[in-house]
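Number of protein chains: 4
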Amino acid sequence: MNVGVVGASGYSGELLVKLLLGHPHVRLTTVTSRTNAGKSLKQVIPSLRGVDRGLIFSDSNAESLAASTLDAVFLALPHGAAADFAKVLVPAGKRVIDLSADFRISNLETYERYYGKHHAPELLPQARFVLPELTPTAWKTEAKLVAAPGCYPTSVLVPLVPLLKHGIVSREHIVANSVSGVSGAGRKVEETYLYVERAESVKAYGLVKHRHLAEIEEQLSLHAGTPIVMQFNPHLVPMRRGIATTITVPAVAGATIESLYATWQAVYGSAPFVQILPSGETPDTAHTVGTNRVDLSAVYDPRTRNFVLTSAEDNLFKGASGQAVQIMNLWLGFPETAGLV
Amino acid sequence: MNVGVVGASGYSGELLVKLLLGHPHVRLTTVTSRTNAGKSLKQVIPSLRGVDRGLIFSDSNAESLAASTLDAVFLALPHGAAADFAKVLVPAGKRVIDLSADFRISNLETYERYYGKHHAPELLPQARFVLPELTPTAWKTEAKLVAAPGCYPTSVLVPLVPLLKHGIVSREHIVANSVSGVSGAGRKVEETYLYVERAESVKAYGLVKHRHLAEIEEQLSLHAGTPIVMQFNPHLVPMRRGIATTITVPAVAGATIESLYATWQAVYGSAPFVQILPSGETPDTAHTVGTNRVDLSAVYDPRTRNFVLTSAEDNLFKGASGQAVQIMNLWLGFPETAGLV
Amino acid sequence: MNVGVVGASGYSGELLVKLLLGHPHVRLTTVTSRTNAGKSLKQVIPSLRGVDRGLIFSDSNAESLAASTLDAVFLALPHGAAADFAKVLVPAGKRVIDLSADFRISNLETYERYYGKHHAPELLPQARFVLPELTPTAWKTEAKLVAAPGCYPTSVLVPLVPLLKHGIVSREHIVANSVSGVSGAGRKVEETYLYVERAESVKAYGLVKHRHLAEIEEQLSLHAGTPIVMQFNPHLVPMRRGIATTITVPAVAGATIESLYATWQAVYGSAPFVQILPSGETPDTAHTVGTNRVDLSAVYDPRTRNFVLTSAEDNLFKGASGQAVQIMNLWLGFPETAGLV
Amino acid sequence: MNVGVVGASGYSGELLVKLLLGHPHVRLTTVTSRTNAGKSLKQVIPSLRGVDRGLIFSDSNAESLAASTLDAVFLALPHGAAADFAKVLVPAGKRVIDLSADFRISNLETYERYYGKHHAPELLPQARFVLPELTPTAWKTEAKLVAAPGCYPTSVLVPLVPLLKHGIVSREHIVANSVSGVSGAGRKVEETYLYVERAESVKAYGLVKHRHLAEIEEQLSLHAGTPIVMQFNPHLVPMRRGIATTITVPAVAGATIESLYATWQAVYGSAPFVQILPSGETPDTAHTVGTNRVDLSAVYDPRTRNFVLTSAEDNLFKGASGQAVQIMNLWLGFPETAGLV
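Protein chains in written order, with numbering that gives the first Met the number 0: chain A, 0 to 340; chain B, 0 to 340; chain C, 0 to 340; chain D, 0 to 340.
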């Protein structure tokens, strides 16, 4: 199987290339980048020196990719640009795994409220949002195009969805606070992302209107079978990689910390990439960096009758590129963990 | 006026010494430390080289401090030890400003549930918890002993108290998430505080049962005139100094972002150490480091009908030593900002 | 005395403004910035909220500054631009303190080899490079224009000059390795200065040809009375502020660690901003951050017959803005430490 | 092949375990730790959750290891303790790879000057110091016990040895400055290694007398065929992993940057773990973290007639555990890169 990565020079593109170079069942034959066309892979991603197999960036061109022998194509592009490629590649029969937001939201109106005009709305029916641990497996045959989930949504949905679905937690008064390493913003060359600005600095941002909220709420609502709105408060913290999410949510009457853990255990007991920690031990982003895991934990507060759920992940790995490879593994029939441990 | 610092070798003791050495109206004559007795100040706090005025640490001895010419004494000690000193110094007529938790909680039972046996409960009636911007001014004459607030409580109480008191926000479903720099844990030599463990790592800790919760809830309840319980989720993040707090709380029917800002403005409009930022601009801990400020902001979410309040401060400055000096200024009749800008 | 800062929005401009706002003997009346004209000081430098005295950035215009009532003007501008302002302000009788490289190098040819065409070579005879602890005091009356030293040069010259001058160390085989915090590069919005690129990363840069080398070697040569060439190896390390320099240099026959320390003591014994540490105790940048100090130490290696000299400073403080204020203090007849401790 | 790790709970032990768990040709069956005996591997090293294969720490006992079915044993222990294990395991026929300093120095007197009494001097003749890219291959059959090189020595020897051996650089006036991430100090719970102490702080340490100097000089002398002494200046910088070394050394008359690169190319052209960068491009530790590589570069300074050599590596990987696995691969006849890319 030959695979390619379009837009391989961002942080998630970089990790994706690294994972695919080491994957036992696929061959990375194509990396493209508008700005780095003609440069060698190791020149652009120096950490790959010695394992880059001599790959050279080609220009990003949808038609030539459509005409290539690639079996699957990963899109590591900004939203909008991803749809532009998808609308050429999908009709050409390529399996497309998109890391952008373009096909994460099935409701066109919601998408356009957060992201502006959609470049390929006609593909929405063929697209599936796939969070492998939660999305029913029918996607493997139905999808022509898969949207890999965002980094924040993964950290919120994995702990929350089973509990909402099984009536352990309230559908109201859900508050998720997330802190993310700076790579979550991508390789944007802006003053606010300079070392001196971000080191020793924490701030909330995107309150009320962060784009990932649309994706989180649509998924929560689909799984809960009823519209869910929630508070999502993201923060930037001085580290390179990692997301820690803390969710406060009222317990449903009768729910206990035991029933919460039993629910998680039922859903994730055999999931290779979800680790459930004992109540009282909190996940640490550092323990997940470089892995495809989400670590989970929860406590119950008898005074407030809330559960406090905590999760940690590597935003570039399980939050982006590792999860995209996991999706590919499942879609192409490889072992789920191939190339990921 | 002569002042002394007992326990001057922790992080907040260090900043306190620095502030008092530069204070225009007091003279720091005494610094004590059990472990550093006999060493010079600059040897223990090398950043003071050249401005240390030749001070030498003496051993920490309550009786000799009681017999000294000191007018005011700051206690920068662990809880328990602080009460041991206070019970000698207060009867001797020294004005005592305590940075520990020993006199922050007026309810003895609550104190002992979180901290164990109180070493000087007989002093509680003479002690006052003073958050200068919120505590009614009667404390200046009533107090024999002042408890300076904790770092997390300051970051929660400043944004929240006026809104609770004036009926802008709900008394239920209050969720505060805080992230703190590592100096918040003090100079504890434990594996979890090693550079390699904390750099590039975020985790929640002390969920449900953090000690500062007792102090926060007692103050909220006193100001609101009714018992308040809330969720408080603290986190450690990889920076040295700073606390950012994000509070999600339902709006009371009829409350608007304008009425919220008007309330803050009424309470803090002339407070030199509270800065109110426009809605949509979030406080950044980096902007407060090295200052005695708390920066505040808020947004309203019409979808959830919550307010999201954000605050930032320097945990060692406004969260500890700077606030202690501010308290001293007010107590001794100096300008509130003396030695602090 | 009224003073102004031209180009007040870079990192050193920011610290300069902060120091001048708190200075007891001057009044900062003017801050200019081409990009921030019309904005308030606290909007551009949020850490000054509450102490900004309502200052507003005006546009940077040499003629209007020349016509103003300013007594002294600080130039915190890129090289070239600084000379453009100086050639208007100096003839107008303003005392100019320049933080750029434009007047640090008296040899025009050397300057132009490193920096390109000089914009005001006619001013060179009236300009003086002033490192207060080393430059003979005649500058106070001779200078019309003072060049404040660069950050790296300060960290190299303070330890090395007295030893070269007094024949303690060799004039050959001098090797200086410096590591600098990222603010040394200024507020340049380039990919290499992004948080994710610099955190957890160290690299040498500018080997053989760093611009500060010209300034270092000219000063060493002037003080030694003979041309000196040396190796200067700068590195970027993941911190915001601070420079640590380690100089390896052969001992002259007969020189001992005692004679080295005696020489330093003779030159710096009463200097308020140079601290000499005992041999074996090495300076730590963290101890100097926020101070105008250079800390020094040295060891002798009997195996190699080298001395190893170490220095630490805050690159924005003693390496830039603090030193500029120290120069102003001496030039205008204030106490040397005014506004700096 | 079954392998074990003694002392698996330090930072290098942790990485070693991770590498051996993923190695295609060996089976990690035993992990020991005095302090963690009885605990699960994933409890002690949470980043291994999900891939820990249920391993449990056993107590560290030399006799039971000697009696086991292990083919090879890695010692990740402090010096002294390593020799205690080696003197039981080597006679029992186990292949021992030691990551401590105990067998890195063949000269007993030198060893004891730096480290104190040797616990197993009788093993020195059977031990070999192996830096795979430089040590002649005879060690594969001669050695009963292999000492893996230290982190600093690897970063100094790889660039320097070929140049000394082939007469490109002087044998005198060699100056190596290294900066290391904090994990280089191991998991020592001491105040100086606390997050707050090390973040935003750089300092030199161990000047003149760092223990790695003994190892560096012995190897340089062996390869050069003549005694070499040099200056070695190590520094701690605020990052977790990585060493960058900058070596200043006079060029031998007639040597050019081309002859230097030709020498490196001849020695390392087919080495999978040494990457030679073009002159002018400097290695960055961040590009080597998580790899077994040393990246090299050099420039010539015609003014000083020095070469400046730069290297970067991951101190825990090529500087410790990765190199130990590379040694195992060569010793046991596996491909050199097995389990390392």
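Be a bit skeptical, because a hint or two may be false.
Copies of the same chain are indistinguishable here, so a pair counts whether it falls within one copy or spans any two.
Unchecked claim - When the alpha-carbon atoms are kept at most 20 Å apart in a straight line, the in silico EDC-like pairs for lysine to aspartate or glutamate are as follows:
1. Lys-38 to Glu-190
2. Lys-139 to Glu-335
3. Lys-208 to Glu-111
4. Lys-17 to Asp-70
Just so you know, these hints were derived from the structure itself, not from any lab.
Hints, verified against the model:
1. For the homomeric pair Lys-38 and Glu-190, the shortest alpha-carbon distance between copies (17 Å) is at most 20 Å, but the shortest distance inside one copy (27 Å) is not.
2. Proximity of Lys-139 to Glu-335 under the C-alpha cut-off of 20 Å is restricted to the intra-copy arrangement: shortest distance 13 Å within a copy versus 39 Å between copies.
3. For a Cα distance limit of 20 Å, the shortest separation of Lys-208 from Glu-111 inside one copy, 13 Å, qualifies, whereas the shortest one across copies, 43 Å, does not.
4. Within a single copy, Lys-17 and Asp-70 get their C-alpha atoms as close as 18 Å, which meets the 20 Å cut-off; across copies the closest is 33 Å, which misses it.
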